[in-house]
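Given only the sequences and the hints, what does the whole structure look like? Please build it.
Listed below are the residues making up each chain.
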Amino acid sequence: MNTEFVLGQGWINLGYLISSVLFIWGIKGLTHPKTAVRGNRLGALGMFVAIIVTLLAKGLNFGLILGGVAVGSAIGAIAALRVQMTAMPEMVALFNGFGGAASTLVAGAALLRISDHIRLGHMTGDPTQTLIATGASGLIGTVTLTGSMIAFGKLNGSWKDTWMRFPAQKAINALLAAGALACCAWIVVDAGNVTPYWILCAIAAVLGITVTTPIGGADMPVVIALLNSYSGLAACATGFVLNNNVLIIAGSLVGASGLILTSIMCKAMNRSLGHVLFGVLGPTGSTADADEVYANVKSAGPDEIAMLFDGAQRAVIVPGYGMAVSQAQHVVRDLANVLNDMGCNVEYAIHPVAGRMPGHMNVLLAEADVPYDQLIEMDNINPTMETVDVALVIGANDVVNPDARNDPQSPIAGMPIIDVDKARTVIVVKRSLSPGFAGIPNPLFAADNTLMYFGDGKKAIQDLVNAVKEL
Amino acid sequence: MDQLILLLTIFSLAMFVGFEIITKIPPTLHTPLMSGSNAISGITVTGAILAITTDESTLMAILGVGAIILATINVVGGFLVTNRMLSMFKRKA
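So the protein lines, in turn, are chains E and F.
In terms of numbering that gives the first Met the number 0, the first sequence is residues 0 to 470.
In terms of numbering that gives the first Met the number 0, the second sequence is residues 0 to 92.
Hints are computed from structural coordinates only; laboratory data are not their basis.
By construction, the Cβ of each residue, glycine as well, lies at the ideal position given by its N, Cα and C atoms.
Take the hints with a grain of salt, since some may be wrong.
Claimed, not checked - With a Cα cut of at most 35 Å, we get these calculated DSBU-like pairs of lysine-lysine:
1) F:Lys23 with E:Lys27
2) E:Lys421 with F:Lys89
3) E:Lys33 with F:Lys89
To be verified - Each pair of labels, with its calculated beta carbon distance range:
4) F:Leu12 with E:Gly310: 49 to 59 Å
5) E:Gly120 with F:Phe18: 36 to 46 Å
6) E:Ala167 with F:Phe18: 33 to 43 Å
7) F:Asp1 with E:Ser157: 41 to 51 Å
8) E:Arg37 with F:Thr53: 35 to 45 Å
9) E:Pro382 with F:Asp1: 38 to 48 Å
10) F:Phe18 with E:Leu13: 22 to 32 Å
11) E:Pro407 with F:Glu19: 30 to 40 Å
12) F:Glu19 with E:Arg430: 39 to 49 Å
13) E:Leu13 with F:Glu19: 21 to 31 Å
14) F:Thr53 with E:Gln8: 34 to 44 Å
15) F:Glu19 with E:Asn269: 20 to 30 Å
Claimed, not checked - Chain E regions said to be covered by chain F (calculated; three or more residues, Cβ under 8 Å):
16) 63–69
17) 108–119
18) 221–231
19) 413–419
Structure (structure tokens):
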């Protein structure tokens with residue numbers, strides 16, 4: 000499918016090349032927080048160039064285009080300025096879905112045009128490549144759309160993990176996938192017929208839902224990273240439909256990014272992608288009894304805990320999503336400042352799956368004005384954990400469970416954890432001894448060097464700040 | 000066929016470039032990377048523009064306008080929210 004432009008095709012492709020270079024340069028800026036803002040702007044400039052170049056096509060209906068852009072810009076701008084940082088996973092999930100849907104619609108429009116050309120006998124050349132790509136775009140795009148809607152629902156709690164799970168789900172999904180591929184073949188064989196495309200989209204819509212519903216809420220970070228990748232691959236397939244270089248390049252960059260993040264998330268949970276998509280994590284028969292594990296739990300109040308910081312050289316804070324839920328990140332930063340003033344070096348240890356999407360915890364802490372050079376990755380802080388005087392765990396559970404390291408029978412065995420149990424003293428701020436996502440007890444809470452500090456995260460840390468100030 | 004091979008070449012090289020750069024992005028910027036990718040996947044807006052021509056059927060115009068709205072939400076929303084997030088990242092004063 001080639002469109003005629005006001006300028007020669009060579010000039011148009013040159014414009015798309017400039018745009019692609021800007022995208023790559025922009026993403027390269029994200030390799031360091033210092034250059035990241037500029038990188039993002041370069042990416043936006045690349046998008047601007049691509050749009051201007053595309054507007055040089057002949058025969059465009061500028062009224063409709065401008066209207067669409069105005070509506071989309073308004074919705075996008077409001078969403079971007081209003082969204083809470085805790086809700087970033089929902090926003091990314093929603094946007095993944097929009098990207099997929101846009102690709103499906105563009106491929107559908109392209110197929111309508113091919114169909115017209117074939118009917119009127121204007122078709123030049125063999126449409127096979129375009130038709131295969133149209134099928135791929137419709138399939139990936141629609142699965143991304145409905146899968147992302149379910150992910151969005153699961154993230155904001157409006158869709159329950161138990162809904163739409165039925166026996167033989169895998170077999171039915173396999174049948175749906177086979178049906179979708181059959182439609183792709185039908186599109187190619189019956190060139191110019193648009194009906195199989197709509198049937199394909201209907202099947203893909205159901206498939207997107209039924210593959211996402213069985214995946215547990217704790218695995219949503221993996222799923223949104225994967226859907227992120229799909230939205231890029233759908234754009235890429237649309238590039239093959241339209242013979243458009245910039246769609247292919249930009250789509251590939253997003254596809255690659257999503258795949259890398261998916262793999263990082265899987266490694267951080269010590270699970271294979273297959274296990275996340277098709278398996279279920281839950282308590283196994285060998286899980287220790289909570290009452291037994293928690294027989295020797297010691298707890299303390301703010302004054303007692305404040306004393307532990309007296310004379311401490313090095314403290315490490317291990318935040319989990321629970322900290323963000325209780326909006327405690329600002330008081331946690333206050334605590335870090337007070338400790339700093341007392342001459343105690345404070346760092347934050349960030350587990351890759353802390354928060355609800357890759358890098359989420361870093362954004363939540365950045366919003367609370369925590370400098371990014373105080374945020375240390377798990378692999379960098381673990382080797383020095385023995386020299387930490389006080390480790391403060393707030394709102395995290397499974398990612399500090401030493402069973403992952405010590406008990407090969409544990410459901411989370413082999414998952415990389417932050418080794419807070421090796422610190423001299425561990426304080427765990429928690430409402431109760433309830434289990435985390437994995438649903439298993441945590442022997443850290445009963446360890447000899449651990450003190451439990453029960454309470455709501457924000458209030459507990461506020462009391463602790465006051466107690467430390469009185470030292 | 001020549002055209003297809005050319006496009007596949009571009010696709011393969013772009014995937015390699017993507018893997019090479021993105022593996023170097025630190026975990027602290029992974030959320031902005033995802034919202035920035037949302038914005039970049041809004042590149043479909045170019046395809047949507049090409050679908051909205053004066054001589055096409057109503058159905059095609061509806062598909063094109065739907066696509067342009069969704070893709071523009073991604074472009075504008077994605078770049079803006081990424082900018083908002085990135086401007087929060089600060090070094091120790």
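Hint numbers not upheld by this structure, sorted from lowest to highest: Violated: hints 9, 14, 19.
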